[in-house]
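Keeping the supplied structure of chain G fixed, place chain H upon it in accordance with the hints.
Line by line, the protein sequences give chains G and H. Be aware that the first sequence starts at 44, since it is given in my numbering, and climbs by one per residue. Be aware that the second sequence starts at 3, since it is given in my numbering, and climbs by one per residue.
In short, the hints are calculated from the structure, not lab data. Small disclaimer: the values here were computed from a predicted structure and weren't measured. Heads up, some of the hints might be wrong.
Now the stretches of chain H that chain G is said to cover, found in silico as 3 or more residues with beta-carbon under 8 Å [what the hints assert, rightly or not]:
no.: 1; region: 59–66
no.: 2; region: 69–78
no.: 3; region: 102–110
no.: 4; region: 179–193
Heads up, the beta-carbon is just placed ideally off N, CA and C, and yes, glycines get one too.
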Amino acid sequence: MLDNSEMFESTAFYDPNSIITQQMLNIDHQNYSNFNIENQQQINWNTNTNNHGNNNCLTSQTPSPDLLNLFQLPKCSSSISFSNPTHIDQVSGQVMYDPLLPLNNLLPQPPFFKELMNSLPNGFNLMGCGSVFGEMDMDRGDHDQMYHEGDAVLEFGGGIIKNRDGHGNKDTKHFATEKHRRQQLNGKFDALKNLVPNPTKADRASIVGDAIEYINELKRTVEELKILVDRKRCIRGRMKRHKTEDDSTLDVESIYTRSNAVGGGGDTSHDQQAYNGNSTSTMRSSWLQRKSKNTEIDVRIIDDEVTIKLVQQKRINCLLLVSKVLDELQLDLHHVAGGLIGDFYSYLFNTKICEGSSVYASAIANRLIEVVDKQYATNLVTSSY
Amino acid sequence: MAGYSNLFDDMSSVVDETNSNRICRNRKHRRNDDDDYDDNGNDGKFKSKNLTAERRRREKLKSRMLELRSVVPNITNLNKETIITDAIDYIKELRISVTNLSNQLLDMEAEMANEPSFEMIQIRPEENMKNWGIESEVVVTRMEENKLWVKIVFEKKLGGFTKLIEAIIRMLGAELVDTNVTTTKGAVLVTSCIMGTNGKILVAEKVQEIILDTIEAIKLE
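Looking at chain G on its own, in the form it has when it is part of the complex:
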């Protein structure tokens, strides 16, 4: 049984201010100072510690009125009569006399404290708050009994906490998984951002928007490639068939007319249908846009015509570069228009795909961006001399 008189003797031990201060400090010193606890009125620790002498709550009727009122203790005047130890025994279930009472009552009240408690790792909540009392133990070595008392306090405090937010012990575990879940989600958004080639803004809505555009672009590219592969396959089939014929020029058109002329033969007609269905009647269309730090490229392909719009942000004359790339990709230049606009070079190229070439939109765009950026990089290096 607890020897209450012993407890009440040393005011130092019983100083709720220091205990609370310590608890506060232990829990989260640095963040606590950030909290706006005005709704608690100004808790002036200094004055409280100064009132230490006055907080002889053991014997006074209303111990440390400033502090306890600040903490809005429940009105339980009977239990605050420290002068009556026996009374305390009776109300051992209640902990009004307990120095930690202010702490218990304090914690639930400010909303942020609920979060505070939630944020504590699993072992460190009021429920199993061994460490809190443990520290007290360490400081007040000889008060094991107080520790036991602390358990009762804990339960009571736990009760308060439970009623307050309705989740009780599970809340802390829930919060840890909640945090983990959020971190995972953020990681996924970042992964998505890294996959997409033209990241514009880094906020979630933009990431998703860019992802949608990229998916559509990829779908178009796949479609385009499928058409090209089909065409190639047909041409290859034709070639194999007409290898016997001594023909030097073998273009798409002549293949088509020749196969028409041959006619007959189940094999041929089947291929012919396939040829019709896939290549000539299917008009290939594809477009995409690419942006790099100082270049914007827009490539559109309809059938065999490629339109390229290029805007260069720095003063590099890319006309020659682009022209070379177009030659490399076997694109026949039909029209070019453009020039210097302010600090930008802007050009529009109309080209035609040479027959037999199976270049596709993203290949063109990627190659152009690569070349122009490389030139820009080398220009930077040389101009720094």
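Using the frame of chain G, we list chain H on its own:
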């Protein structure tokens, strides 16, 4: 202790960076309330000044997520996380497709290039150009002190335009400002302003001479 500082870090990383300040402000507003606050933020006492903006932002993100969901062939639960996960997987899948198909295309092309009977159609421009009575020409006019205007007509050939540009830039040391190129009937028309780079003054006769030589060379290819 450490847990609590993480709390605030997390809260701000959950919302997007531009809004993180607003969220912190909102939380301060919340704390000033004495009443319970609704965790969903649906509480009427939510005194955020940016409530409408915040709501709009959420709606925007939500609608985009729906759009993403419609584009991706989802086979799992349709909540935020799985949409993103599925989108990531789908993008990876599409990229692999593209790589495979383009490799296939390259292989087929390589295969066919080995076939001796495969040749590409060559353009025969000179016949066309002459048929239409188009003559090659070079006109050079001085506009300003160091700006010349040039008009060039020449035969269209693969790589011909590149040669011309290269000549103008390298040999003349000039820069093409405002260029127009058009092709018809096997001929190419180039009109452009050219300026000497680094303040170099271009001599009109010299320019004309060099360009004429270049288009001759193109023709002879």
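Now for the hints, and whether the structure bears them out:
1. 59–66: holds (count 4)
2. 69–78: As far as the region 69–78 of chain H goes, the hint holds, because 4 residues have Cβ atoms under 8 Å from chain G.
3. 102–110: holds (count 5)
4. 179–193: Contact hint for the region 179–193 of chain H vs chain G: holds, 7 residues under 8 Å.
Going down the numbered hints, you'll see the structure goes against none, and every one checks out.
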